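For reference, the chains in residue letters:
Number of protein chains: 2
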Amino acid sequence: MTTLLVGQSGGATAVINASLIGVVEGALATARYDRVLGMRHGIEGLLADQLVDLGRLPAVTLDALRRTPSAALGTSRHKVSDDDLDRILTVLRAHAVRAFIHIGGNDSADTAHRLHLHAVAVGYDLAVIAVPKTVDNDLVGTDHCPGYGSIARFIANAARDTTYDTLAAPKLYPLKFLEVMGRDAGWVAASAALGFSGDDSALSPQLCLPERPPESVDTLLAAIEAMRSARGWAVVVVPETLRDAGGRHLGGETPASVDAFGHPYFASPGAALAQLAGERFGVRARLEKPGGFARMAFGLVSPIDLDEAYRAGWAAAWRAAAGESDVMIAFNRLADEPYVSEETVVPLAEVANQVRVLPDAFIGSDGQSMTAAFRRYALPLLGPDALQPYARLMA
Amino acid sequence: MTTLLVGQSGGATAVINASLIGVVEGALATARYDRVLGMRHGIEGLLADQLVDLGRLPAVTLDALRRTPSAALGTSRHKVSDDDLDRILTVLRAHAVRAFIHIGGNDSADTAHRLHLHAVAVGYDLAVIAVPKTVDNDLVGTDHCPGYGSIARFIANAARDTTYDTLAAPKLYPLKFLEVMGRDAGWVAASAALGFSGDDSALSPQLCLPERPPESVDTLLAAIEAMRSARGWAVVVVPETLRDAGGRHLGGETPASVDAFGHPYFASPGAALAQLAGERFGVRARLEKPGGFARMAFGLVSPIDLDEAYRAGWAAAWRAAAGESDVMIAFNRLADEPYVSEETVVPLAEVANQVRVLPDAFIGSDGQSMTAAFRRYALPLLGPDALQPYARLMA
Numbered sequence: 001m002t003t004l005l006v007g008q009s010g011g012a013t014a015v016i017n018a019s020l021i022g023v024v025e026g027a028l029a030t031a032r033y034d035r036v037l038g039m040r041h042g043i044e045g046l047l048a049d050q051l052v053d054l055g056r057l058p059a060v061t062l063d064a065l066r067r068t069p070s071a072a073l074g075t076s077r078h079k080v081s082d083d084d085l086d087r088i089l090t091v092l093r094a095h096a097v098r099a100f101i102h103i104g105g106n107d108s109a110d111t112a113h114r115l116h117l118h119a120v121a122v123g124y125d126l127a128v129i130a131v132p133k134t135v136d137n138d139l140v141g142t143d144h145c146p147g148y149g150s151i152a153r154f155i156a157n158a159a160r161d162t163t164y165d166t167l168a169a170p171k172l173y174p175l176k177f178l179e180v181m182g183r184d185a186g187w188v189a190a191s192a193a194l195g196f197s198g199d200d201s202a203l204s205p206q207l208c209l210p211e212r213p214p215e216s217v218d219t220l221l222a223a224i225e226a227m228r229s230a231r232g233w234a235v236v237v238v239p240e241t242l243r244d245a246g247g248r249h250l251g252g253e254t255p256a257s258v259d260a261f262g263h264p265y266f267a268s269p270g271a272a273l274a275q276l277a278g279e280r281f282g283v284r285a286r287l288e289k290p291g292g293f294a295r296m297a298f299g300l301v302s303p304i305d306l307d308e309a310y311r312a313g314w315a316a317a318w319r320a321a322a323g324e325s326d327v328m329i330a331f332n333r334l335a336d337e338p339y340v341s342e343e344t345v346v347p348l349a350e351v352a353n354q355v356r357v358l359p360d361a362f363i364g365s366d367g368q369s370m371t372a373a374f375r376r377y378a379l380p381l382l383g384p385d386a387l388q389p390y391a392r393l394m395a
Numbered sequence: 001m002t003t004l005l006v007g008q009s010g011g012a013t014a015v016i017n018a019s020l021i022g023v024v025e026g027a028l029a030t031a032r033y034d035r036v037l038g039m040r041h042g043i044e045g046l047l048a049d050q051l052v053d054l055g056r057l058p059a060v061t062l063d064a065l066r067r068t069p070s071a072a073l074g075t076s077r078h079k080v081s082d083d084d085l086d087r088i089l090t091v092l093r094a095h096a097v098r099a100f101i102h103i104g105g106n107d108s109a110d111t112a113h114r115l116h117l118h119a120v121a122v123g124y125d126l127a128v129i130a131v132p133k134t135v136d137n138d139l140v141g142t143d144h145c146p147g148y149g150s151i152a153r154f155i156a157n158a159a160r161d162t163t164y165d166t167l168a169a170p171k172l173y174p175l176k177f178l179e180v181m182g183r184d185a186g187w188v189a190a191s192a193a194l195g196f197s198g199d200d201s202a203l204s205p206q207l208c209l210p211e212r213p214p215e216s217v218d219t220l221l222a223a224i225e226a227m228r229s230a231r232g233w234a235v236v237v238v239p240e241t242l243r244d245a246g247g248r249h250l251g252g253e254t255p256a257s258v259d260a261f262g263h264p265y266f267a268s269p270g271a272a273l274a275q276l277a278g279e280r281f282g283v284r285a286r287l288e289k290p291g292g293f294a295r296m297a298f299g300l301v302s303p304i305d306l307d308e309a310y311r312a313g314w315a316a317a318w319r320a321a322a323g324e325s326d327v328m329i330a331f332n333r334l335a336d337e338p339y340v341s342e343e344t345v346v347p348l349a350e351v352a353n354q355v356r357v358l359p360d361a362f363i364g365s366d367g368q369s370m371t372a373a374f375r376r377y378a379l380p381l382l383g384p385d386a387l388q389p390y391a392r393l394m395a
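For the record, the sequence lines run as chains A and B.
Taking my numbering, the leading residue of the first sequence gets 1, the next gets one more, and so forth.
Taking my numbering, the leading residue of the second sequence gets 1, the next gets one more, and so forth.
One chain only, chain A, in its complex shape:
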């Protein structure tokens, strides 16, 4: 009996199940594994020995799951302790697990790396492979991460639709704040720029990027008011973790909550800015916050993203079967247009707990617009026909 075990971790995305089904179908295709088990709610389910058999699901279920958002196995944000590692190995031995596939972000890569080291230390033969998953697109060692193309498609459309909505009645709501997900890197906020090109370039929103933080709330409000004075309206894109140059969160200094990995979550900077700007400039300011729907909206999924998420899972199963360990599946871009990518690997130690911020070459000299290089990078990830051609009657 040889078992492959797979789990999902962290915030769910629209395509994380495509990676799961890629692992299952890839594992069955290798013929190396007799059994494919899944952890219920990630490491928490593993510690509690709550495993489910994924190898005997009917093809119709696998196909539907591949196109179902959210994590079908359930996810977890459990931080693995050293004691947990012993317990995990006990469970793995009991089920004859020889491959451990973890679908998640940089925290999951860290867990996988530590599990690999522990297995080596005790002499247990185990292939440990991470599959990237994050809407934040902040993992190092890969061109991009599954999950990002779909949220980028959503946000690019949301920013453009919000702007067109504002144009219809700029006197009514001259200020709109679009708060987007994303931890400390600005990839998601940057994707808001993708909806504006050609005749629409002049409509580009005020982009707030963690990589180019505003000096203070006051300087940001002044920049917003300058844009509103010039145009009659302004749309401002705000990452949910935005801080000023001094490191102060724009939504207040006390985190509303802290997760098991110590990541603090602050009150909405978009809500804070909308209230401040409305009061200071005497205009109506509205907050648009698509929230969790932005990373889950299957109706706006990127077909490229969906396909790559599946391929990442499939590659992980085959790499494990070939005896590789301590790596994360990564994407290597071969061409922008037509877009071509291939799966490769990066050592887990390079990925764990690292954050890849937007490169300087992607950020304009004004510190708040995106360059043509970013557009070349990001647009293919949104998939074909991501942005319908719109028209306007007014300048």
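Simulated from the structure, these hints should not be mistaken for laboratory data.
All of these numbers come straight from a predicted model, not from anything done at the bench.
Just so it is clear, CB atoms sit at the ideal spot from N, CA and C, and this is done for glycine as well.
Hints should not be assumed to be uniformly reliable.
Just some of the chain A residues that point at chain B, by a computed CB distance under 10 Å [what the hints assert, rightly or not]:
no., residue
1, Gln8
2, Thr90
3, Ala121
4, Thr162
5, Tyr173
Here the structure of chain A is known, so what remains is to put chain B in place on it, guided by the hints.
For chain B alone, coordinates are given in the frame of chain A:
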């Protein structure tokens, strides 16, 4: 010189421009009008004599505008006074306007009706036709309103995606509140039920309907807690204007703003409930509020809705050319499956300032679920393939 004049009013939708282009192309096709003019920002632009020529736009622009969300002419919420009516007739005479088409909701129908009466009183030959437009779906005299099918498609998916997201980590966020648009009728909230059928029926959210208001905040919180206790999690759909049976707004008693028609806008009841429930039950409660994006997301537009919006505009131009006046275009449903509808008319006096609430036959005996009759009514309006088949690994 004979001119047709068209304007857009109220909150924009994803398909209001399809109605505009329907009017323009319909008017040109009748050969009755030498000119098609549009009002910039509705009645406000008319009063200021800000009109734009729509009859000479290239076909490629018309085609792109038809598929552009928001109101390309700009909208307005101006309440027409009796003095305004005189001024309006002066402008209409100056431009030889013989047909006045108003795309909007029940406030716009009222304006159109009063303009018709005024033209008759002073002996000015004018065809006045309203084209329905509202995501609220609350106009009387029509089976449904353009704009509703698209927001219903969005909300049905948002409720389902939010529920699946909750299933992935029910311990992390066991309570989610999905706040949806909609004034005093519950059509938009009701559409959240459409995402749950077959195996997913047991996942249906707690639906709050203005038509069946909760006794008090406390009874609503108790019902939510009962659902959470039974399932381990709960998703609650909250209309933005929800009140309790005593008429008290759940978001507080003082309106955050009042528009020109006297409609009050109250602070978010979803935010209020999330905070109260989180504190009272000691669990994390999260607000999901797709906001304006729900009525504007062109990527999730219903093709049926888009087509009907265009046909409503086209029909208005032809009815005007045939000498009809003082009517709103309406839809008459001929069959549910395959869905077939035809354009008809309803007198403006019947539409103006009326609100059509959900019929009793659409609301379950529990007061918070939707019947099979509602599903038969609403599902066709979402268009084909509105809800991708999803699968689950857990009960």
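Review point. Would the hint on A:Tyr173 stand, with a C-beta cut-off of 10 Å toward chain B?
Key: With a closest approach of 9 Å, the A:Tyr173 hint holds.
Review point. With a cut-off of 10 Å, does the beta carbon of A:Ala121 approach a beta carbon of chain B closely enough for the hint to hold?
Key: Hint violated; A:Ala121 Cβ to chain B Cβ min 31 Å, cut 10 Å.
Exercise for review: Would you check whether A:Gln8 satisfies its interface hint, that is, whether its CB is within less than 10 Å of any CB in chain B?
Suggested key: Holds - the Cβ of A:Gln8 comes within 10 Å of chain B, reaching about 8 Å at its closest.
Point to revise | Closest C-beta approach of A:Thr162 to chain B relative to 10 Å, hint status | key: Where the cut-off is 10 Å and the nearest Cβ of chain B is about 6 Å from A:Thr162, the hint holds.
Exercise for review: Closer than 10 Å between Cβ atoms is the bar; does A:Thr90 clear it against chain B? Give me holds or violated.
Suggested key: violated (24 Å)
Figure legend: structure checked against the earlier numbered hints; hints not met, in rising order: 2 and 3.
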